[in-house]
Each structure stands twice: as structure tokens, then as C-alpha cells.
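Trainee: Based on the sequences and whatever the hints tell you, model everything.
Spelled out, the chains give:
Protein chains: 10
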Amino acid sequence: MLFQVRMDVKIPLDMPAEKANEIKAVEKAYSQDLQRQGKWRHIWRITGQYSNISIFDVESNEELHTILQGLPLYPYMNIEVMALNRHPSAIREDDS
Amino acid sequence: MLFQVRMDVKIPLDMPAEKANEIKAVEKAYSQDLQRQGKWRHIWRITGQYSNISIFDVESNEELHTILQGLPLYPYMNIEVMALNRHPSAIREDDS
Amino acid sequence: MLFQVRMDVKIPLDMPAEKANEIKAVEKAYSQDLQRQGKWRHIWRITGQYSNISIFDVESNEELHTILQGLPLYPYMNIEVMALNRHPSAIREDDS
Amino acid sequence: MLFQVRMDVKIPLDMPAEKANEIKAVEKAYSQDLQRQGKWRHIWRITGQYSNISIFDVESNEELHTILQGLPLYPYMNIEVMALNRHPSAIREDDS
Amino acid sequence: MLFQVRMDVKIPLDMPAEKANEIKAVEKAYSQDLQRQGKWRHIWRITGQYSNISIFDVESNEELHTILQGLPLYPYMNIEVMALNRHPSAIREDDS
Amino acid sequence: MLFQVRMDVKIPLDMPAEKANEIKAVEKAYSQDLQRQGKWRHIWRITGQYSNISIFDVESNEELHTILQGLPLYPYMNIEVMALNRHPSAIREDDS
Amino acid sequence: MLFQVRMDVKIPLDMPAEKANEIKAVEKAYSQDLQRQGKWRHIWRITGQYSNISIFDVESNEELHTILQGLPLYPYMNIEVMALNRHPSAIREDDS
Amino acid sequence: MLFQVRMDVKIPLDMPAEKANEIKAVEKAYSQDLQRQGKWRHIWRITGQYSNISIFDVESNEELHTILQGLPLYPYMNIEVMALNRHPSAIREDDS
Amino acid sequence: MLFQVRMDVKIPLDMPAEKANEIKAVEKAYSQDLQRQGKWRHIWRITGQYSNISIFDVESNEELHTILQGLPLYPYMNIEVMALNRHPSAIREDDS
Amino acid sequence: MLFQVRMDVKIPLDMPAEKANEIKAVEKAYSQDLQRQGKWRHIWRITGQYSNISIFDVESNEELHTILQGLPLYPYMNIEVMALNRHPSAIREDDS
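Protein chains in written order, with full-length UniProt numbering: chain Z, 1 to 96; chain C, 1 to 96; chain G, 1 to 96; chain D, 1 to 96; chain F, 1 to 96; chain S, 1 to 96; chain E, 1 to 96; chain Y, 1 to 96; chain P, 1 to 96; chain B, 1 to 96.
Honestly, the hints are just simulated from the structure, not real lab data. Heads up, some of the hints might be wrong.
[Claimed, not checked] Here are the simulated lysine-lysine pairs, DSSO-like style, with alpha carbons at most 27 Å apart:
#1 Y:LYS28 / B:LYS10
#2 C:LYS28 / C:LYS39
#3 Z:LYS39 / C:LYS39
#4 F:LYS10 / G:LYS19
#5 P:LYS10 / G:LYS10
#6 Y:LYS10 / D:LYS10
#7 D:LYS39 / D:LYS10
#8 S:LYS10 / D:LYS24
[Unchecked claim] Here are the simulated distance ranges between beta carbons:
#9 G:SER60 / C:ARG92: 22 to 30 Å
#10 F:ALA20 / G:PRO12: 16 to 24 Å
#11 C:ARG92 / G:MET15: 47 to 55 Å
#12 G:GLY70 / F:ALA20: 32 to 40 Å
#13 C:PRO88 / B:ALA20: 27 to 35 Å
#14 Y:GLU59 / S:ASP94: 49 to 57 Å
Ideal Cβ positions, reconstructed from N, Cα and C, are used throughout, including at glycine.
Mentor: Next comes the structure, spelled out in C-alpha cells:
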């Protein structure tokens with residue numbers, strides 16, 4: 001099942017750069033692992049923002065929630081979830 | 001270059017069903033042609049809405065505008081455009 | 001899978017009462033059939049509004065979209081969908 | 001009498017984890033006690049959010065206010081209340 | 001139980017004055033009858049608007065909904081309901 | 001002259017409970033004194049919120065501003081003022 | 001007593017120009033009469049809008065409501081009222 | 001040229017009263033000097049708010065910006081600027 | 001003096017194409033004439049919208065209002081005006 | 001390709017003036033260098049705000065993102081990006 005998720009990141013200005021970089025590195029590995037599993041189907045940066053638009057393909061709402069709650073940057077994010085369907089005009093088989 | 005586009009369709013309640021269906025058929029063909037060209041990369045239905053979330057991959061803002069303005073349903077749509085970038089954590093080569 | 005759906009109904013002021021009542025009767029039967037199937041788990045009226053808050057329990061986003069699009073009042077509704085999960089503090093087994 | 005309540009929790013980033021966990025444990029017990037009494041009828045997590053959608057069945061606005069004000073997480077919550085009615089199309093006897 | 005209700009009236013510009021006046025007269029009688037019963041406790045005009053702020057004292061959400069739905073101007077109104085409680089600092093006995 | 005005032009209180013989380021209670025006690029006395037004078041006509045708690053809806057009956061905008069600015073909780077409040085009139089359908093003599 | 005009033009005018013596109021001009025002429029006379037009486041203290045056009053910002057100096061909320069409701073363009077306006085006070089830093093005696 | 005400016009002041013709760021009073025005194029002198037020069041034509045307090053509505057009469061956008069940026073309370077203000085014109089119905093010669 | 005103006009055009013769906021084209025042709029000539037005079041400094045299409053972002057360089061708010069009110073599409077536009085200044089970091093002499 | 005970017009700057013009130021001035025000086029040099037390269041085509045101050053409206057002419061969304069992310073004031077800014085096209089009515093050759 002497909003979901004669009006928008007994540008806006010606000011790291012506190014007073015977080016030491018070292019700690020921020022550490023969290024970001026863990027975040028990147030976490031995201032790439034899920035991408036390899038096919039659960040985090042797409043991730044794009046929003047131009048000019050510390051934000052991304054992502055497409056998830058998961059078994060259930062529960063799985064999506066568990067993934068999002070596990071994000072290392074979760075405490076510093078604002079997250080919006082939107083349920084998606086295959087579009088009747090889509091020609092890609094794998095965009096169901 | 002990548003853009004996310006959200007299209008919300010509001011066909012007037014008094015448009016004859018025949019005319020509406022005709023426009024939708026042309027719209028579908030128009031969309032699928034652009035999908036085959038690789039310019040309209042993804043299209044998903046928003047659950048519960050007569051709306052879609054699409055990803056376009058175009059040469060320029062001008063090309064995107066021309067494509068959108070040419071949509072048969074354009075006069076009945078509200079459209080929002082958001083510029084996207086490849087995300088530094090993305091692992092898909094073709095999601096640049 | 002659980003979803004909250006809010007439906008706000010705006011029937012045009014110039015629709016003949018007879019036609020409106022007919023649509024509402026079909027809507028009621030449609031809703032009650034889905035309630036009996038366990039897919040439309042709850043439906044409450046919002047006090048003072050021609051609106052309801054409903055909880056759906058469906059197999060997928062696709063099933064939810066098909067149900068909503070099939071509502072006889074669909075052309076006259078504004079619909080908002082929100083994905084829900086079982087809450088870790090919930091004690092009801094059937095509220096998963 | 002039925003009410004929908006949405007609770008969005010924002011625990012300050014600098015609250016020690018131990019204190020946060022303690023409050024959450026008391027919150028859970030408080031919620032489950034009210035669920036057992038039948039006053040807190042439903043509680044669902046909003047996917048991707050530290051938020052819930054709950055349905056309360058109380059004697060009066062006063063009882064609802066007392067319950068909400070007594071939430072251990074109350075100082076860290078944004079709360080929205082919406083009065084609900086039994087819906088004329090509902091088939092569940094206990095959803096009045 | 002107390003509720004604040006805000007009603008914003010938008011009568012269509014093309015409704016004949018005679019019909020509008022007739023509806024308003026019935027509305028006035030309807031409101032005054034409920035005021036005499038003590039259910040419609042207060043009604044104030046919002047300065048400069050075709051809107052009112054009212055306080056209702058009813059047995060239940062259901063009773064409030066029935067009253068509002070019965071308003072002759074109901075099809076032309078936007079209505080917002082807000083549950084109220086007696087305030088701990090209030091000194092009026094009858095403002096419970 | 002009548003005004004509706006909505007007050008939303010946000011006491012900083014780090015204010016010592018003792019200080020907060022002291023301010024609230026002075027606030028209560030301040031409010032009750034004005035209620036006895038007939039200037040603060042009504043005060044209701046908004047269900048689930050640390051907020052109130054109040055009706056003031058004052059000589060002028062100046063008097064209302066002076067009263068509001070004198071509230072002990074004023075530095076911690078968000079305040080909205082709305083001018084009201086006697087409603088042509090009102091039957092209470094003292095609601096002018 | 002002083003009030004700021006913002007008026008946004010939306011004359012229906014299908015109103016005959018003759019009728020619109022007639023209403024506007026009556027509106028102008030109505031406004032200028034109140035300006036001469038000192039009740040409509042200021043009126044400015046908002047640049048680029050069919051809107052004005054006005055300052056009224058009236059005896060009461062009631063008087064303001066009566067004036068606004070009497071505007072010939074009232075059925076085609078959106079109106080916002082904001083209560084004002086003399087500012088402690090003002091040096092103009094007549095801006096009280 | 002005329003502009004309406006709305007200024008909303010938010011002095012941090014932890015600023016020492018002495019410092020706040022000092023800034024306010026300089027602000028008052030600054031404002032009154034500009035009032036005497038005829039550049040700050042009007043200033044009104046918004047009832048119940050630490051906010052003002054002002055009318056400026058300046059040579060250019062640049063002059064307005066310089067004046068606003070020079071306000072002693074500028075770092076603690078939210079400012080909104082709206083360009084105004086003489087209204088065709090205005091009868092005051094000096095309200096051009 | 002510089003102003004940014006955003007114009008969003010909504011031509012009614014039932015306006016005959018011929019009439020719409022005629023208005024657009026006059027609009028184009030009107031705009032180009034002002035561009036040649038240097039008063040309409042820039043005009044850009046917003047991608048995907050029937051909207052433009054323009055920069056005007058005028059003598060006064062009055063001149064801007066007269067220009068905007070004279071737009072052939074003015075009755076079908078929503079217009080927003082924002083006063084601009086030369087930026088202290090700008091290097092273009094003609095962007096003052 | 002053209003983009004409008006709005007930047008709203010919020011430097012924390014407790015940043016030492018020396019540090020703030022240093023950042024601003026680097027920001028100015030950074031901006032002027034990009035202006036000389038023709039990538040940052042225009043920059044205007046919004047009257048009364050610590051904000052600017054800028055027009056960028058870049059090769060791609062990626063280039064725009066890199067430029068914006070490199071702004072010395074980036075951590076203290078809110079940024080909005082809007083894709084622009086040459087307007088069919090534009091007469092300036094270099095405004096494509």
C-alpha cells in the first residue's frame with residue numbers, strides 16, 4: 001500500500017554540529033536500508049527546504065507508523081501522511 | 001528536472017455526463033502519452049479525492065507549464081507545483 | 001486497516017427535494033450495507049453540521065477509495081481521509 | 001453523550017527520558033482505567049503522529065473537561081473537542 | 001449543558017425579498033419560543049455581520065442538533081458549535 | 001456596550017507552581033470583582049481548553065482595554081475581542 | 001468610540017452596469033453624509049483592491065451596526081470590524 | 001503617500017521590566033517626533049491587544065522602511081504594511 | 001517606487017471563447033504599452049497557474065491603483081500588492 | 001530557468017550583534033557574487049520586513065538548492081520557492 005509522506009526537519013539551532021551530523025548519518029543508513037527493502041520507494045528533496053517528499057509501500061498503516069517513529073530525526077520532524085492509490089491512468093506496472 | 005504536481009479536479013455539477021466522459025478519455029490518453037515519453041514519471045490517486053499527485057521530469061519550467069496548460073481538464077483543475085531535487089540519501093539511480 | 005473519514009455534505013440549494021431524498025435513501029442503504037459487512041465500523045453525526053465522522057476498516061487504500069467513490073452523495077461531498085493505527089493504550093481487542 | 005477529542009502531544013525536547021517515560025506510564029494507566037469504565041470509548045493513534053483520535057462517552061461537558069484536565073500529559077497537549085451525535089444511518093445500538 | 005453556537009447567514013442574492021422576509025419571521029418566532037423555554041439562553045448580533053453568537057442550554061448534543069437542524073434559515077447558514085462549561089471563577093449561579 | 005472576549009492562557013512550563021497559583025488567585029479575585037460590578041457579565045470555560053469565553057458590558061472600548069490590560073494573566077494570554085449588539089430577536093431585557 | 005472597518009466589495013459579474021452605478025452613487029452620497037456628520041472619520045482605498053479601510057467614530061456598537069447595515073452595497077460586501085482605542089503615544093487631540 | 005501599518009509587539013517575558021520601560025519610552029518619543037513631522041499621521045491601539053494600527057504619510061517606500069526599521073521595538077514586532085490611496089468618496093482634503 | 005503585484009485570473013467557465021480572447025488581446029496590448037513606458041518593469045508567468053508575478057515602478061500608490069483598475073481582466077482577477085524597496089545588497093543600478 | 005524565492009530572516013534575539021553582523025557581511029558578499037554571475041537576477045527588500053523577494057536564473061532545481069543551502073543566513077531563514085516562466089506578454093528579451 002502506498003503513502004506519500006512529507007517530512008520537514010527542524011534541528012534546534014543549539015544542537016552541537018557533531019551530534020547533528022551523527023544523527024543525520026544514522027538517518028541516512030536507516031533510510032537507505034528501507035529503500036533497499038523496497039518499503040521506502042522514493043525520496044526527493046524539496047528545493048530550498050530541509051524537507052523531503054517520500055513514497056512508502058508498506059503492508060499496513062501500522063508498518064508505516066513503526067517506520068516513521070523509528071526515524072532518528074523523528075523528534076525534530078513535522079510529518080504529514082497521505083494515503084495514495086494506483087491511478088487508473090497509470091501505465092507503470094510497479095506504481096500500483 | 002523533477003517537479004511534484006498536485007491536481008484537484010472540480011467538474012461542474014451541471015456538465016453533461018457524456019461531455020465529462022469525453023474529456024476524461026482525452027485526458028487519459030494525453031497523460032499516458034506523456035508517461036510513455038518519460039516526462040510524466042508517476043501518477044497516484046489521492047485516496048478519497050478526485051485528485052492526483054504526479055511527478056514530472058522535464059527540461060524546464062516552460063515545458064512543465066506547456067504540459068499542464070494542455071491538460072484537457074485544465075480549466076476544471078486547481079494545480080500546485082513544487083520543485084524537487086534528487087535527495088542525497090536516495091539510492092535509485094533513476095530518481096535523480 | 002483503519003481510517004477516519006470526515007464527510008461534509010453540500011447539496012445544491014436548487015436540487016428538488018424529491019431528488020435529494022431519493023439520493024439520501026440510497027446513501028443510507030449503501031452505508032448500512034457496508035456497516036453490516038464490518039467495513040464501515042462507526043458513523044457519527046457532527047453536532048450542528050450536515051457532516052459525519054466515520055471509521056472504516058478496510059483491506060487497503062484501494063478498497064477505501066472504491067467505497068468512498070461509490071457513495072451516492074459523493075459528488076456533493078468534501079472528504080478528508082486520515083490513516084489510523086491501533087493505539088498502544090487501547091484495551092479493546094476489536095479496535096486494532 | 002459522545003465527543004471526539006484529538007490530542008497532539010509535544011513533550012519538550014529537553015525533558016529527561018526518565019521523566020517522560022514516567023508521565024507516559026501514568027497516562028496509559030489513567031486512559032485504560034477510563035476505557036474500562038466505558039467513558040473513553042475508543043482511542044486510535046494517528047499514523048505518523050504523536051497524536052490520537054479518541055471518542056468519549058460522558059454525562060456532560062463538565063465530566064469531559066475534568067477527564068481531559070486530569071490527563072498527566074495535559075500540559076504538553078493541544079486538544080480539540082467536537083460534539084458528536086448518533087447518526088441516523090448507524091446500525092450499531094451502542095454507538096448512540 | 002452549555003454550548004456556544006455561531007451562526008453566519010448567507011441568503012442567496014436572488015431569493016425574492018418576500019420569501020426571505022417570510023423565512024426570517026418564522027426564524028424569529030422559532031428562536032423566541034426556544035428562548036422562552038430557556039434552551040436558547042442568549043443571542044447577540046455580531047457588529048457589522050449578518051451573524052449571531054448564541055448560548056444554548058440543552059439536555060444533550062442530540063437536543064442541540066435537533067434545534068439547529070430545525071432552524072428555518074438552516075440551509076443558508078454556516079454553523080460552529082463549541083462545548084462550554086461553568087467557569088470556576090463564575091459568580092452567577094445560573095451560568096452553570 | 002457588549003463585547004465577546006476569548007482568552008487563551010499559556011503559562012510557561014517552567015513557571016514555578018507556587019507563582020502560577022498566586023497569579024491565578026489574584027486573577028480570580030480580579031474577575032469576580034468585575035463580575036460583581038456587572039462589567040464582566042459572563043464567563044464560561046471552553047471544554048478541554050485552558051481558555052474562556054466572556055461577555056463584557058462596558059462604557060467604551062477604552063474601559064474594556066483597561067480591564068483586559070489589568071488582568072494578572074494578561075502577559076500569558078492571547079486575547080480576541082468581538083463587538084456585539086443586542087439581537088433583534090432577543091427576548092431578555094438585560095441582554096441588550 | 002473608534003472602530004476600524006474593512007469593506008471588501010464583490011458586485012456580481014452579471015449585475016447590469018447601470019444598476020451597479022446607481023448603487024455606487026447612492027453609496028457615495030450615504031458615505032459623504034456620514035463623513036460630514038463626523039461619524040465616518042476616514043476612508044481610504046486599498047491599493048489594487050475594490051476595498052476600503054475606514055475609521056468610524058460612533059456612540060455605540062449599535063450605531064455602528066445600523067450604519068453598516070444601511071450601506072447600499074452591504075449585500076455585496078464582506079465586512080470586518082475591529083475596536084480601537086486612543087493610543088497612549090498619540091499627540092492628536094482629535095484622534096481619541 | 002499613505003500606508004496602513006499594523007504593529008504587534010511581543011516583548012520576551014524574561015526581559016527585565018526596567019529595560020522594557022526604557023525601550024518603550026524611547027519608542028514613544030520616536031513616534032511622537034514623527035507624528036509632529038506629519039509622517040506618522042495616526043496611531044490607534046487595538047482594543048485588548050499590545051498592537052497598534054497606524055497611518056503613515058511618506059515620500060516613498062524607502063522612507064517608510066527606514067522609519068519602521070528605526071523603531072526601538074522593531075526587533076520585538078511583527079509588522080504588516082498595506083498601501084492606501086485617497087478614496088474617491090472621501091471629503092477630507094487632508095486625507096489624500 | 002517599486003511594487004510586486006500578483007494577479008490570479010479566473011475567467012468564468014461560461015464566457016464565450018471569442019469574448020475571452022478579445023479581452024486577453026486588449027490586456028496584452030495594455031500590458032505591453034505599460035512595459036514600454038517602464039512602469040510595468042517585469043512580468044512572469046507562475047508555472048502551472050493562470051497567474052503572473054509582476055514588478056511595477058510607479059510614481060505613487062495612486063498611479064499603481066489606476067493602472068491595475070484599468071486592466072481589461074481586472075473584474076476576473078484576484079490581486080495582491082506588496083511594497084518593495086531597493087535592497088542594500090543589490091548591485092543593479094536600475095533595480096532601485 | 002527562473003524562480004522567485006522569498007526569504008524571511010529571523011535571527012535569534014540573543015545572538016551577539018558582532019556575530020550577526022559578521023554573518024550578514026558574508027551573506028552580502030555571497031549574494032553580490034551570485035548577482036555578478038547573473039544567477040541571482042534581482043533582489044528587493046519587502047517594505048517593513050526583514051525579508052526579500054529575489055529572482056534566480058539557474059540551470060536546474062539542483063543549482064538553486066545548492067545556492068540557497070549555501071546562504072550564510074540559511075539556518076535563520078524561512079524560504080519559499082516558486083517556479084516562473086517567461087510570460088507571453090513580456091517584451092524584455094532578457095526576462096525569459
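Trainee: Compare the structure with each hint and give your call.
Mentor: Hint-by-hint comparison with the structure:
no.	hint	in the structure
1	Y:LYS28 / B:LYS10	25 Å, holds
2	C:LYS28 / C:LYS39	15 Å, holds
3	Z:LYS39 / C:LYS39	24 Å, holds
4	F:LYS10 / G:LYS19	24 Å, holds
5	P:LYS10 / G:LYS10	23 Å, holds
6	Y:LYS10 / D:LYS10	23 Å, holds
7	D:LYS39 / D:LYS10	25 Å, holds
8	S:LYS10 / D:LYS24	22 Å, holds
9	G:SER60 / C:ARG92: 22 to 30 Å	24 Å, holds
10	F:ALA20 / G:PRO12: 16 to 24 Å	19 Å, holds
11	C:ARG92 / G:MET15: 47 to 55 Å	49 Å, holds
12	G:GLY70 / F:ALA20: 32 to 40 Å	38 Å, holds
13	C:PRO88 / B:ALA20: 27 to 35 Å	29 Å, holds
14	Y:GLU59 / S:ASP94: 49 to 57 Å	54 Å, holds
Taken one by one, the earlier hints all hold for this structure without exception.
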